[in-house]
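With chain A's structure known, arrange chains B and C on it following the hints.
Line order of the protein sequences matches chains A, B and C. Using our numbering, the first residue of the first sequence is number 7, and each one after it goes up by one. Using our numbering, the first residue of the second sequence is number 3, and each one after it goes up by one. Using our numbering, the first residue of the third sequence is number -2, and each one after it goes up by one.
Nothing false has been slipped in among the hints.
Computed spacing ranges between beta-carbons, pair by pair:
id: 1; chain 1: A; residue 1: SER174; chain 2: C; residue 2: ASN243; range: 35 to 41 Å
id: 2; chain 1: C; residue 1: PRO176; chain 2: B; residue 2: ASP367; range: 40 to 46 Å
id: 3; chain 1: A; residue 1: LYS244; chain 2: C; residue 2: ASP180; range: 25 to 31 Å
id: 4; chain 1: C; residue 1: PRO165; chain 2: B; residue 2: ASP403; range: 53 to 59 Å
id: 5; chain 1: B; residue 1: ARG78; chain 2: A; residue 2: MET28; range: 55 to 61 Å
id: 6; chain 1: C; residue 1: LYS6; chain 2: A; residue 2: SER174; range: 37 to 43 Å
id: 7; chain 1: B; residue 1: MET365; chain 2: C; residue 2: PRO176; range: 40 to 46 Å
Dumping the calculated BS3-like pairs for lysine-lysine here, alpha-carbon to alpha-carbon at most 30 Å:
id: 8; chain 1: A; residue 1: LYS302; chain 2: C; residue 2: LYS249
id: 9; chain 1: A; residue 1: LYS40; chain 2: A; residue 2: LYS51
id: 10; chain 1: C; residue 1: LYS11; chain 2: C; residue 2: LYS130
id: 11; chain 1: B; residue 1: LYS636; chain 2: B; residue 2: LYS690
id: 12; chain 1: B; residue 1: LYS278; chain 2: A; residue 2: LYS51
id: 13; chain 1: B; residue 1: LYS278; chain 2: A; residue 2: LYS46
id: 14; chain 1: B; residue 1: LYS369; chain 2: B; residue 2: LYS413
id: 15; chain 1: C; residue 1: LYS10; chain 2: A; residue 2: LYS296
id: 16; chain 1: B; residue 1: LYS369; chain 2: C; residue 2: LYS130
id: 17; chain 1: C; residue 1: LYS6; chain 2: C; residue 2: LYS123
id: 18; chain 1: A; residue 1: LYS172; chain 2: A; residue 2: LYS123
id: 19; chain 1: C; residue 1: LYS11; chain 2: A; residue 2: LYS296
id: 20; chain 1: B; residue 1: LYS205; chain 2: C; residue 2: LYS124
id: 21; chain 1: B; residue 1: LYS171; chain 2: B; residue 2: LYS208
id: 22; chain 1: B; residue 1: LYS602; chain 2: B; residue 2: LYS615
id: 23; chain 1: C; residue 1: LYS11; chain 2: C; residue 2: LYS123
id: 24; chain 1: C; residue 1: LYS3; chain 2: C; residue 2: LYS249
id: 25; chain 1: B; residue 1: LYS274; chain 2: B; residue 2: LYS171
id: 26; chain 1: A; residue 1: LYS51; chain 2: B; residue 2: LYS274
id: 27; chain 1: A; residue 1: LYS46; chain 2: B; residue 2: LYS274
id: 28; chain 1: A; residue 1: LYS296; chain 2: C; residue 2: LYS249
id: 29; chain 1: A; residue 1: LYS302; chain 2: C; residue 2: LYS123
id: 30; chain 1: B; residue 1: LYS479; chain 2: B; residue 2: LYS455
id: 31; chain 1: B; residue 1: LYS615; chain 2: B; residue 2: LYS455
id: 32; chain 1: A; residue 1: LYS117; chain 2: A; residue 2: LYS93
id: 33; chain 1: C; residue 1: LYS130; chain 2: B; residue 2: LYS205
id: 34; chain 1: C; residue 1: LYS83; chain 2: C; residue 2: LYS130
id: 35; chain 1: B; residue 1: LYS636; chain 2: B; residue 2: LYS696
id: 36; chain 1: A; residue 1: LYS123; chain 2: A; residue 2: LYS87
id: 37; chain 1: C; residue 1: LYS11; chain 2: C; residue 2: LYS124
id: 38; chain 1: B; residue 1: LYS413; chain 2: B; residue 2: LYS479
id: 39; chain 1: A; residue 1: LYS87; chain 2: A; residue 2: LYS46
No wet-lab data here; the hints were simulated from the structure. For glycine and all other residues, C-beta sits at the position ideal for the given N, C-alpha and C.
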Amino acid sequence: MELDAWIILRQLIVRCRLGQSMKLLDSWGYMSRKQLQNLKRCRSKLALVSAVGQIAEENDIGLQQVMELELLYVQLFSKQKTWRAFKLTGPQNLMAEPINQERLRADLQNKLSLFFKSMVVVREIQRAFWIQISIQEKSSKAKLRRYTVHAVFYPLSAHIFLTFAKSSAQDHLLQVLHLALNYRNIEMVVLGGHCLESLSRIVSNEANMCGLQNPSLAMMSKHNIEAETDPRITDENKKDKERTMALTHQSFGNQPQPVLEELVFTLDTRFHGLITIPAMKESTDVFSTKVRFQSKNVLEAVKSLGIHGLAKTPLPYTLRMVPQLGRNSFRISERKKKLQE
Amino acid sequence: MPVLHQRQGVRGVSHIAIACGLSSKLFLNNFIGVLKPLGKRSASCLVMEHTLTSSEALDFFLHYKIGEQKQRTSNRVAISRSIRILETTSRRHGLEPSVLEDLLRVVVKDTFTCQMRHRLVKCLIPTSVVSRNAPVIAVASLCTETLPPTLQVLLVQWLILVFDLVDNKSDFHCLYEMIFYLVQFDNLSPYVCHLLYLLTRRKDVKRFRVQKLLRIMSAQGSNPQLHLQGLLSLYKTYRPEYVSLSVPSDVRRYFPSVNRAWAQLINLIQVKHSVKCGIQRQVAPQGAGVLEKRLSRKRERDLAPVAYSQGLSTGPPARESSSGLHLDDVWELLGSPDDVDMTDGLSSLFGSPFTLCRLSCSMDDVKRMRIDYSVDHVLQHEFWNDVTTPRTLRVQEEFLDGVVRAQDILKECLPGIEHFLSRWLHVWDGETLRLQTLNLLAQVPLCESSELKRKFLRPLSLLMMTSSIHLKCAVLKSLQQLLLNWQTRDLPKLQTQLMSPDNLDDQGGVEARDAVVAVISFVDEISNVVLQQEGYSALLIHVLLSFYQTAGELWPRLLDNIMIMPDCMIYPSFLTYDPSCLNRLCQILCSYRDNIIAAKSDAALQSRHAPGKLSMALHTHNTVVQRMMGCIWKGLAFHGNQGLGCFVDSSLQSTSSFCLYLTCHPALLGFAIGYVDATFGRSENLFKDLERIKGPEIERFLQYLDEQGVASLPLLLQKTIRKSKSSRRPVNPLGSHCDSG
Amino acid sequence: YFCFLKAMKSLTKKHFHAYRVSPLCMFSYPRLQHYAQMLETFLTAEVKCAGDPTTNSGFHTNISVFPGLATGQRDPEAILIQIFCKQEQKRPAWEGLLCSVEPEPSYLTVCMPFVLLPLLLVHGPKKFTTAWKTWFERTFDCCVSPLVIPSYELAWMAALWAGAMSVPRTLDLQWSSPPPVSDGLHITMSVNRNDALRLWDCVHTSGEEEVGLFKQGLEEHIFHHFHVILDAMILESVSSGVASANNSGHIKVLFHKPLVHILVASSYLLDILIPTKGS
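Just chain A, same shape as in the assembly (with noise of 0.2 Å):
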């Protein structure tokens, strides 16, 4: 087994707990049945290394295999990457076939191989394809350096997901991926963060609009306020607070919001804390501040404000339509207050 490989293998499997490198490795497809039985009676890391290291000897495992590896560790793990979004457009040349992992892979490794030197991993998995691109590339010190981008895409949404990669690549490998995929266009949508899932999550619902709720479970939930049980403590607002409850869950809805860790607002209008200071009513500049939201879940703290009082409800449009608007970076400008893409 070349060295690279070895090197590769040996890091996903020492990153990963235990318990957690079987299931991957289980998922590899690439082990028979009886060596990993032989696999689950090590007890520690370093003797599975070596075990796993034997096994991909013994079956005569190469690079691009092992690279499959890495992708299923990053599908395992994609909570540790920052994904961005892309939208693909353009109306698809519908008489193409359905696209397929092998096909899909071979010719992105012929396209990408005009710009740069690559390896390509494809996988289906759960109805989005998994791609991992491998580009290597010359560092300073004449030493062959490699870095991945991940790509995930769905095919019933047309979005893809990028994590990081370098500006000179990110334009090859977007023109790749859309001629690849049978798009006219492809573009950057604001929108980014750890969580897969919720990311795909608003990009799909992106058409639906808010509202579409379960009128009985809203029900529910107002009631699901949480319960004072000490009581010697009056609630002098019920009303209020039963308001704020029903308004929150008109905007927000009952399901669990979508896992966003920022949202980045830029402030581009005039002062308005005129009450305070009224002197600021003279000047008409622009008075631009960004603000940012930051949390592990920014929507259900966004939620949870106006529950607990810190914020008025209704929450603005801006703070209520996130999923529905599909970005987390927005430009907030004076003109008529109108929200500028």
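Chains B and C alone, transformed into the frame defined by chain A:
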């Protein structure tokens, strides 16, 4: 019997022996005959090896006696097989502490050859710990010079390796001097220095020892003795003033390296044992690791020896004060030096009441400020900064408990605490840290009354209005405790400062009086409100009565107005359903009476009190008693303009004037019925029975009350009512003295 | 003047942790060298305990007076403590600055033999800080605890720095949500430098309490756009071209050119950090 090939060799024989599983003795006899050509010795010991247990081997060594010359061969055989068994056992499991001790004793005796003893020492691998006697035995033998030199070295090496595993090192430390004696011997010196390096604590570093080391070093000449330097460097760390020699800094190792294999073996056994016992322990890497781990553990408790006494004293201390004053029991307290050097700071101070006791004897301003600043700092940090979680709440509770205890022992209140408490009371919710807050409240020092009101009483009044009855009672109790504390703690201090202790008309005295008056008037005001709020609950009345009782008993000479309880307190107590309240009320009234009489008779006191105050007190007392007697004795409740009227609903007032009579009083009705049951027996008409209690029956009824525990009421009646033969009218004996004073 | 300037410059561009110190008992200025020696011996002993007892990694310490920070009348001079590792003699591995700059007058009245240097700024790795702290607390019987800069003080600083900035950098304020909000939300607001300056000028002219107005103005602006009540959230950190500070006591002063500004900034910085004792 199976035929054995000679070539199979010795091993084959032993295997067969096990395979056959025959008993040892039988086999021996049979086989020795057969295997004679192989060599009797090897055969027998091989066969016997696997069937002898380790305890038997041990016993063999312990009970072996020289003198059995006859079977020398078999002796040697027995010895060698036993030692082998011991070695394997100790390498596999280690030896128990008692076994170790016994074996050590065997080693130091002259029973076996030197080589054998070497091997025995190498076997001394402890399973878990080494008993405290073992080092004693070892060191004792070292000093007798009966051991061969190589064995001595080995013993010291063994001591170094198991140093950490000795469970109680107090004996070991006592032997310091003896071990130190061994430094002068060349062959032992490096190892002994190493052992001393491990053993030394700060107090072992003495000038004479340093000098001895230096002498030895100079006697060595130019040959640098690294181990001596190593020990000196340690001494220098502990006591730089004793050692002026500079220790070379580029030395990597001072002491000869330990036998790594041995050390590793010990370590492995320890790990095995601890794994078996379920204790988690990391495996120290290699033999040297044992050493380092041990050293770091040793140092933990004896840290930072340098800056101690030098930080705070201006020069070298005249006498070595106890390092880090921390006294653990009474004996240490009695034995500790007079010169207290408070080096350890707050935590040790609050931990030990004995330390505080010692400190309180030698308190001065600087020490007080130090404690105060530390406490203030901690309070700032803990209370005004963080969000309270259950953990911080516990920390705060413990700290405040410590402060309360400390203030109790030191008999003073730190200014930082006072400040904190006043801030705290302003934001207190009545529930958080309730116990601690109330304890601190009771320890507030005597200060100016306006400050007292502003800082403590005002926030308390707001709190009292809006809290549960339990908090109200708790606060009143702590105010009562406050008065007590002032009496015991602050007033004596004040009196020593004033010119004439009895005369409290000086500035300090006036302040003290004002403060007390402020507290009492606060309780007066608040009692009115809280009693109404709580519906004159008996619990509250009791607590209030206790307060007034304390106040009345403690300060009769200080206060102008002896009659302390307000009307709003007296009459509700009189009208209560609870006999014990009534009892207490009568008790208090009796004590007032006694005070007034005493005041009248004491000319000095009379002159001090403002002229009219005494007579006013008299008048108030008389009025109250008259009214009470009117109700209880005369049976004329609500007759005329009596203060009672405002406490009882007017519709009830007109019912019967007998309603508060002795036998009909709500509190005493139960006793009356009991009395009737006891004496006459009950008839159908209860009231008729009750009416029978008159005349001479009343005396007996009062006696009955006395027996039942309501003792003060008869006493009051006795004191205030003069019975004349002619009429039953109560005559107030004090009435005639209205105009005196 | 110039060495004073140099000394001041040495304070800038370093990330400090701020601590509060209670009054020191029996600290005398003439004995600084002696204290340095004691500290050295202590650190050496500590290292010996922790590692191999026979190897020797030396430390060299230096305790000196740091001029120019004692601006108040009764302020004692500031003390600079430096620990150098034997290997590198030029740059100190750890630095601590004990100072007192015009603390509130109602603070503890401290008399001999106590010295009040309530503010400690530390730059360096944590292990040195703990070692030094043990020695210091034991020698002078004081307490050293981290300084928590409350939100209103941070707002104050933000306002001040907005007015003082001339470096083109945004004024960043970060709020964090209180515990009930799920998953912890952080809201960062970055205001352009010119706009912040403009706002500050407007606030100045209105004549009322300036700092409060500045903060409220920004909060209202955000409220208008997002309906989020920032007042209810905790202001965690403030950073600008002049300096940056946050809730847990980290301070960094960047601005070094105009001396007046830095004096103003630093003395305000140090001044308001002193906890007030008067109630």
